[in-house]
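Protein chains in written order, with this note's numbering: chain A, 1 to 399; chain B, 1 to 319.
Treat the hints with caution; some may be incorrect.
Which stretches of chain B does chain A cover? Using the computed rule of at least three CB atoms under 8 Å from a CB of chain A, they are [to be verified]:
#1 29–39
#2 53–59
#3 99–108
#4 195–208
#5 266–277
Hints listed in this document are in silico derivations from the structure and should not be mistaken for laboratory results. Source: prediction; values computed, not measured. The beta-carbon is built from N, C-alpha and C at its ideal position, and this holds for glycine as well.
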Amino acid sequence: MTLVTDPTRAGGHRAWGRPGTTPFLDVDALLADRDLHIVICCGSGGVGKTSASAALAVRAAEQGRRVVVLTIDPARRLAQSLGIEQLDNTPRPVAGIDTSAGGSLEAMMLDMKRTFDDVVLAHASPEKAEQILGNPFYQALSTSFSGTQEYMAMEKLGQLSAELGLDRGAGRRARWDLIVVDTPPSRSALDFLDAPEHLSSLLDGRLLRLLLNPSRGPLRFMSAGLAVVTSAMSRVLGAQVLTDVQTFVAAFETLFGGFRQRAEATLANLASPHTTFLVVATPERDALREATFFVERLADEGLPLAGVVVNRLHGSAVALSAERAWALAEDLPEDGLEALALRAHATRMHLVERNQEAVRRFCATVPGLALTTVPALPGDVTALDDLRTLGELLAAHDG
Amino acid sequence: MPEPLHTLHVVSGKGGTGKTTVAGALAMALATEGRRVLLCEVEGRQGLAELFGVPPLEGDEERRLVRTPEGGEVRGLSINARDALMEYLATFYRLGLAGRALDKFGVYDFATSIAPGLRDVLLTGKVYEAVRRRTRGRPHSYDAVVLDAPPTGRIAPFLNVHEAVAGLARVGPIHSQADSIMQVLRSGRTVVHLVTLLQDMPVTETLEAVEELGPTGIAVGAVVCNMVTPTPLTPEALAALPAEPRLDVPGLDDPEDAALAAEFADELAALREEHACYQRLVPAGRPLVELPHDPAGIDRASLLALARALREQLPEEVA
């Protein structure tokens, strides 16, 4: 289903729910800031992060920015409209973008395993790389470890931002001047910040250091313990498994120290004035509670936050309260069209009020934080025009 | 007291479809008079504690989450791969000092994080243990076990522990453990329910999961359509209504009538979309359950209502 193109019809005057004391998050002003080069959309699962980041990217491109959008797991039809059905880890130009303002849009979908393979290929000798890529432990790590997707999203962001050429001065026109990032779907919004650290601490762990260098360094006195550990491991897992672990560890040696450093460097880069975060939420208690945690966490990490997008706020263009709709319906034949429409409207108005109350309570917990609201749209966001509509609604002043 | 049809109910679904809520409601529905049901989660997110509004489930405690009005009880367990590994080792090996050394050197963290398939075998292994556990005076400690499982994208590999450990061990203790787990999963005692929303993506993923589970030999039970928009209209009545209805409400002027009609047309379009999604699920041949959306959010009262709806719509499974 395509969306209505007139935003006022989609939401109407009752769609806006930003309390008067909460500053407006001006998305257009944000996109117009030429010193801003990275926008990261985060939030808990199922709030519309992917559509919101794609919509921002389309809007920025049509306003003259040269944009690349990194998506994680877009719905199939959305991926089709962006022309990234193939998961090939390479940014591809998006067809149908209005480039008259001098902008452009490329999109890519993160291929977690391939990104990891590329890291290995770039940092290990060809012979070692081959050993690593064929090792069952590496294959499990690169495909199913719970932090790998987050880590690789950071890695890819690092690669893309290197191509921005921020450190090369203004001499050369870079391929992009804005990167929009969609973060991996996770139940907890904080995973994105925690997982890279989790992965690197795992790979820097004592076990691995011990297996690598049992007879050197401060761990020397523990080498008696190594015999106990290896014999216990081979009893439980079998000798073949132990050999696999040792091959994995030995081949991975050159990469180890780098992991924590790379994760830290990427996080440090995010603290720069060129980057900003947007927290996306829906007007429900749970999603907004996650959003509060995320706002606090970004502040703890010293990461810049532009504001909060409250997506899918229910609204109505009909100036009729729930109570009046109920009263009118009572006087009409029960299964007539009019009564059905009035009762449906009354239910909607209750939802509208609940949404607005949830947003009011959220705003009270994060005073001074900028916010924009986006009305709930009928149907899925799939076509480029849907993304334009969503972008317009994101930027529309809801006062 | 009759036994439930299945003793292990695995609940999966696309992220955001409310599978934890449905798993909780199903556990409550199964906990009829005198029955004891264990509800497990495996991702360590404390979704169960949050759902039932109780303090986090720590370690291996199986704490009561709720006593049902019918006189049964639901207990909760948050399974963690590291604890399951330590328990497994303590049960089958006398490691003693070596066990502590393994912990000190981070072997448990390493093994449960990246050893291929090991994590899944440990998690399903703990569920398997709970299913088979006996207490004095009853054939089984639990009359039923409900597992709040990983999302549909990961469910087939998660349950197919045989395949999962193939890269890790072809013989040996872990392999035979995987064999026994697989036997229970493929037996008539186990069933996988899939939770979906009546929307394009979740329905597509559900149909894919049904296909993927086929070759594993693990039975698919019901498809639960969650958060369905409540409406007094039957599908036939809905089909008979015009796409752009004209309204004439006494007391409203023409622009108000038009605005209301436009909004009503959107509502009808959304209901038709939902119905079309429902129709796509029919050919899968699984029992379809519809749980209405509760705009007030999920609390004990709405969980009970969902449990009642499950009991009504799945009488054989749940009664």
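So is the stretch 29–39 of chain B in contact with chain A by the C-beta rule, three or more residues under 8 Å, or is the coverage claim wrong? It is violated, with 0 qualifying residues against the three required.
Okay, the stretch 266–277 of chain B and chain A, do three or more residues pass the C-beta test at under 8 Å? holds (count 5)
Under a C-beta cut-off of less than 8 Å, do 3 or more residues of the stretch 195–208 of chain B approach chain A closely enough to confirm the stated coverage? holds (count 4)
8 Å C-beta criterion, at least three residues: is the stretch 53–59 of chain B covered by chain A: violated (count 0)
Three residues or more, CB to CB closer than 8 Å: is that satisfied between the stretch 99–108 of chain B and chain A? It holds: at least three residues are needed, and the stretch 99–108 of chain B offers 7 whose Cβ sits within less than 8 Å of chain A.
Hints 1, 2, counting from the list given before, are not met by this structure.
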